[in-house]
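If you read the sequences in order, they're chains Y and P.
First residue of the first sequence? That's 4 in the working numbering, and the numbers climb one at a time after it.
First residue of the second sequence? That's 4 in the working numbering, and the numbers climb one at a time after it.
Treat the hints loosely; a few may be bogus.
Treat identical chains as interchangeable: a pair holds within one or across any two.
[What the hints assert, rightly or not] Derived pair list, reagent style SDA-like, types lysine to any residue, alpha-carbon separation capped at 20 Å: (1) Lys70 to Ser90; (2) Lys317 to Ala192; (3) Lys317 to Asp17; (4) Lys6 to Gly45; (5) Lys218 to Trp71; (6) Lys218 to Arg176; (7) Lys133 to His282; (8) Lys6 to Gln60; (9) Lys133 to Gln275.
Worth flagging that the hints you see were computed from the coordinates, not collected in a lab.
There are 2 protein chains.
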Amino acid sequence: MAKPVLTILTGNRDVTGLENLRELADVRLAADAGELAAALPGTEIVYLWNYFADGLQQGWESADALKWVHLPAAGVDRLLFPELAASDVTVTNARGIFDAAMAEYALAGILYFAKNFPQARANQVQNLWKHYGVSNLAGTRALVAGTGSIGRTTARLLRAVGIETDGLGRTARDGDADFGAIHASGDFAAVAGNYDWIVLVAPLTDDTRGMLNAKVLAAMRTSAVLVNMGRGDLVVQPDLEAALAAGDIAGAVLDVTTPEPLPESSPLWGMQNVLITPHLSGDSRSHLPAMAAQFEANLRAYLDGAPLENVVDKQLGFVAVPAGG
Amino acid sequence: MAKPVLTILTGNRDVTGLENLRELADVRLAADAGELAAALPGTEIVYLWNYFADGLQQGWESADALKWVHLPAAGVDRLLFPELAASDVTVTNARGIFDAAMAEYALAGILYFAKNFPQARANQVQNLWKHYGVSNLAGTRALVAGTGSIGRTTARLLRAVGIETDGLGRTARDGDADFGAIHASGDFAAVAGNYDWIVLVAPLTDDTRGMLNAKVLAAMRTSAVLVNMGRGDLVVQPDLEAALAAGDIAGAVLDVTTPEPLPESSPLWGMQNVLITPHLSGDSRSHLPAMAAQFEANLRAYLDGAPLENVVDKQLGFVAVPAGG
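So that you can see chain Y by itself, here it is in the shape it has in the complex:
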């Protein structure tokens, strides 16, 4: 049986596990969007190893044999252009790979502010030993917006260190295994004032775009800290900038921004109550080999005619799984 054509968008990055894939498929490497478009005729599978790159849309008309696109990322918002969403092409993502690292990132951001490390740094650059107030986690409350696998792993970690943790999802529900309560996204402003830490990990969809806006910020505690590791566009960034500048909330940890890279001119860079990281909350010592192994396993299933794992619901914009899954 002929091997399927697998085209990998590399972005000029080394592709972990490439030799294994060559045994299973007829591999074409495309460094950028232009090369991807040229390689699409006859391509059955596209593997977007450089998952920050766009490019599939511009070659879409030449995708004459495409059946499956794999994006080794959690969020597929940049991939789901209308033609792909309307097609029969299957889309899979890297659900699960980033869960533990992102949960740790959220906790790191929370502790950074709880222990007032921004003040420690500000004093340190002045060689200044001077006492200041710090807080602690016991009795504090977190709201995690996003009840998928990352949100659940985050909730479990925050609860393990003593933070009462609720969720914010499409629909309100009680009795969840990982969250104390799950509120409906539409009630965000109504409940935001009950929390010390608000963590955004929701997928970016028409429903979630701009969910953290002036109304929610006004409802938040002045002592509250935002951690955004979902997508920059979950936040109305000018509203956030205004709230941080005015001290309406205490701080923000931003792994995602609008746009990315965050422009050098952004006022966020200069704010002492903001910590910015360059979209790395899912990174770990093991995420590259884990991403490669996950795709290889799915490719073997594909060749066997078995169901694929982590198939994205292209209408919802994420992998829909039962609660607790």
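Add chain P to chain Y, keeping to what the hints say.
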């Protein structure tokens, strides 16, 4: 029955719970060491509310009725001068009050380096969005030097977030409830290379002074991070400075230094791989009322002739309790 005379060294700080104490004792307030010496004749109980202050030793000859000294701190090293150690005066401390906050501080310091927040800050002051490597906790290993209540609470928290955690104590032992294994302090250099995170919370005694020295630093992983929240003198500070400057270890989080305050001229201030905080790892929103309530409860026990809690073994230099206690 006459109330006992209770002299409180206030250091000019407000004494939380003072009104309650006035109901139980004949209270004298001493702002500093000189006032303490003047107040000592007839004093039965000394409460060192300003627990960073010295001063009892210089008035010792006039302590003609002293039976009990309470230090609302964890470490009693600065208090245990020879005359007090040799006397019949009971010494109690604030064992337990700082456990949770200090455990959180250790985790905050570990995550600060695991997620490479020092690099984030260095890039942020340049308005620079640039990817860099970060690590994660899964599979990492911590060694906690100090197996008292702070060390045990720290070990439980680190294990709750997935860090394999061993202890370093006076004697080696297995089968501990909180630690994977407990190594003997004498083997510090032999085992140091097995850990990613080394946390110092041991009491400062003749046995532990300078325990973190050039030999141990040379054995540590170049990727390892030190968290010292015990006492500055647990570390041979020039050895640590040299190791940090040479990159022999990856970083240090220092809540305690030699001396305190850390002099403005110390090279530690300027090191990007060092985070310095001014002896606040035990602080929280609740430590002041908790300290007051703990002393008041012990004072009530004293008045009832009941045994006191948290009596320091003045020869060992800390509260000796059964393992797991």
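Checked hints:
1. In the homo-oligomer, the alpha carbons of Lys70 and Ser90 lie at most 20 Å apart inside one protomer (9 Å), although the nearest pairing across protomers, at 85 Å, exceeds that limit.
2. Within a single copy, Lys317 and Ala192 get their C-alpha atoms no closer than 28 Å, and across copies no closer than 56 Å, so neither meets the 20 Å cut-off.
3. With identical chains, the CA atoms of Lys317 and Asp17 are never at most 20 Å apart, being 29 Å at best within one copy and 62 Å at best between copies.
4. Proximity of Lys6 and Gly45 under a CA criterion of 20 Å is satisfied intra-copy only: 12 Å inside one chain copy versus 95 Å between copies.
5. When the C-alpha separation of Lys218 and Trp71 is checked against a cutoff of 20 Å, the pair qualifies neither within a copy, at 41 Å, nor between copies, at 57 Å.
6. With identical chains, the CA atoms of Lys218 and Arg176 are never at most 20 Å apart, being 23 Å at best within one copy and 57 Å at best between copies.
7. Within a single copy, Lys133 and His282 get their C-alpha atoms only as close as 33 Å, which misses the 20 Å cut-off; across copies the closest is 9 Å, which meets it.
8. Taking identical chains as interchangeable, the C-alpha atoms of Lys6 and Gln60 are never at most 20 Å apart, the minima being 25 Å within one chain and 85 Å between chains.
9. Taking the shortest Cα distances, Lys133 and Gln275 sit within 20 Å of each other both inside one copy (18 Å) and across copies (19 Å).
Comparing the model with each earlier hint shows violations of hints 2, 3, 5, 6 and 8; every other hint is respected.
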